[in-house]
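Novice: Sequence:
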Amino acid sequence: VFGSRAAAKDSGGETSTVRVPVDLLDRLMTSMGEMVLVRNQVMQFANRSDDFEFLRLSQRLDVVTSQIQGEVMKTRMQPVSTVVSKFQRIVRDLAKTLGKRIDLHLVGGETELDKTLLEAVKDPLMHIVRNSCDHGLEPPEERRLVQKPEVGQVTIRAYQEGGQVVIEVRDDGRGLNRERIIAKAVEKNIVPRDRAFSLSDHEMNMLIFAPGFSTAATVTNVSGRGVGMDVVKNNIEKIGGQVEVSSKHGAGMTIRLKIPLTLAILPAMIVRSNEQRYAIPQVKVVELVRIEPGASNAQKLDELQGKPVYRLRGMLLPLLPLKAVLGGPASQPKEGLARGEACNIVVVRAEKLTFGVIVDEVQDKTDIVIKPLSAFLKALTVFNGATVLGDGGIALILDINGIASSHRLLESAASKQDLHEAAPPPTAEVLELLLFRLRGRRERYAMPLNLVNRLEEFPASAIEASGSR
Numbered sequence: 001v002f003g004s005r006a007a008a009k010d011s012g013g014e015t016s017t018v019r020v021p022v023d024l025l026d027r028l029m030t031s032m033g034e035m036v037l038v039r040n041q042v043m044q045f046a047n048r049s050d051d052f053e054f055l056r057l058s059q060r061l062d063v064v065t066s067q068i069q070g071e072v073m074k075t076r077m078q079p080v081s082t083v084v085s086k087f088q089r090i091v092r093d094l095a096k097t098l099g100k101r102i103d104l105h106l107v108g109g110e111t112e113l114d115k116t117l118l119e120a121v122k123d124p125l126m127h128i129v130r131n132s133c134d135h136g137l138e139p140p141e142e143r144r145l146v147q148k149p150e151v152g153q154v155t156i157r158a159y160q161e162g163g164q165v166v167i168e169v170r171d172d173g174r175g176l177n178r179e180r181i182i183a184k185a186v187e188k189n190i191v192p193r194d195r196a197f198s199l200s201d202h203e204m205n206m207l208i209f210a211p212g213f214s215t216a217a218t219v220t221n222v223s224g225r226g227v228g229m230d231v232v233k234n235n236i237e238k239i240g241g242q243v244e245v246s247s248k249h250g251a252g253m254t255i256r257l258k259i260p261l262t263l264a265i266l267p268a269m270i271v272r273s274n275e276q277r278y279a280i281p282q283v284k285v286v287e288l289v290r291i292e293p294g295a296s297n298a299q300k301l302d303e304l305q306g307k308p309v310y311r312l313r314g315m316l317l318p319l320l321p322l323k324a325v326l327g328g329p330a331s332q333p334k335e336g337l338a339r340g341e342a343c344n345i346v347v348v349r350a351e352k353l354t355f356g357v358i359v360d361e362v363q364d365k366t367d368i369v370i371k372p373l374s375a376f377l378k379a380l381t382v383f384n385g386a387t388v389l390g391d392g393g394i395a396l397i398l399d400i401n402g403i404a405s406s407h408r409l410l411e412s413a414a415s416k417q418d419l420h421e422a423a424p425p426p427t428a429e430v431l432e433l434l435l436f437r438l439r440g441r442r443e444r445y446a447m448p449l450n451l452v453n454r455l456e457e458f459p460a461s462a463i464e465a466s467g468s469r
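Quick note: the sequence shown, position 45, residue 45 per the working numbering, numbers continuous.
Careful: at least some of the hints might be erroneous.
Stated by the list, open to error - Derived lysine to any residue pairs resembling SDA-like cross-links, with alpha carbons at most 20 Å apart:
#1 Lys248 / Asp134
#2 Lys258 / Phe209
#3 Lys148 / Ala95
#4 Lys307 / Met447
#5 Lys258 / Phe383
#6 Lys371 / Arg178
#7 Lys188 / Arg178
#8 Lys248 / Leu145
#9 Lys365 / Thr65
It is worth saying that the hints were derived from the structure and are not from the lab.
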């Protein structure tokens, strides 16, 4: 493995490399995580200190640590093509076995992912490709009947989106057959018969990931055992990723894997609820909304079927008090405003659903080092890890997908999507913004959220002029 990407160039313009054992890179990444923890502790202490020189040095330490962190993470990054390039031979062998003609294409193979994650995603990705070749693509004679080229196409596309890498596997085959999938699900008692035909398209699509599910008529060495797609979903979720499926009958299917760039160090938002602190992965946070008692945006709070919602730019946003998510008592947001308490909403995204988590306070944004949960806590679907904060305290990391699933928000969102899927797409581009005010002014300003790296809170007295700045 060429572990070092920090290449030195000589006068001839040639790049030199050095071989580094992978376990050395693993130890380096572990040490980097400890260094980030120490940096966070120093920054916490510096923010409470009146020593300006110490504050200046701690800020310099913050910058240097972030730079080293970025370079260390680069040493573990490998292009997706290192894994996908091996699929060509497997697809050729599959095509001969199945009597089909198949072309496999890779787009964005230069997209890089942490080596550990790349190894973890290799087998799920291979199974998805095999599934597309076997179940998705039609035989040549069937493709001719529906006026498709005899050669079926499977395309793997990789790209970076925010703090995640997205890997899509798309085929131009027959797509998912709703009636056949529902019939198989009823036959195998995966869904009750009385509920089967009221399933939304999203729920129907996700049935292919149910344990023991297969639409294959016969068991072969390629498919039919009902083992695989459920393992794909479980393995992707184990590394903090998620799986999405979209399909159009007769036009093919796309399976989308969203994978974090790294498992070791993660930017997160620290929030407080019931005097306890929790971390929300920054990649899941869309925006923050604060409602003061008597403020104009308090009128946007409402209730739908007894549950709180917030009208955010024409969209009804389901609200979940974090206290209720954790099993404690929680009052309605309007009741809190009536008592003079502000309402803090962290707008988050899980799969295709956007919803709000109500917290007591939004405290900080920081880089966290993820620690696995004890075996006693792994059954709790609302958490996916823990971290040590800068002051030495412990914070559990919230699993936004798990919260949405446990409260059946994804199912209700899918039903709403089905009601509107025939509507024309909006012509205006959706832009996520960070809203802010300047001191002494009433006007509000905005900047694109994707340009914001982190939020820092410090006293105005810490700002000094240097020259004309």
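Novice: Each of the hints needs a verdict: does it hold here or not?
Specialist: Right, here's what the structure says about each hint:
no.: 1; hint: Lys248 / Asp134; result: 17 Å, holds
no.: 2; hint: Lys258 / Phe209; result: 16 Å, holds
no.: 3; hint: Lys148 / Ala95; result: 17 Å, holds
no.: 4; hint: Lys307 / Met447; result: 32 Å, violated
no.: 5; hint: Lys258 / Phe383; result: 18 Å, holds
no.: 6; hint: Lys371 / Arg178; result: 41 Å, violated
no.: 7; hint: Lys188 / Arg178; result: 16 Å, holds
no.: 8; hint: Lys248 / Leu145; result: 18 Å, holds
no.: 9; hint: Lys365 / Thr65; result: 16 Å, holds
In this structure, the hints that do not hold are numbers 4, 6, in rising order.
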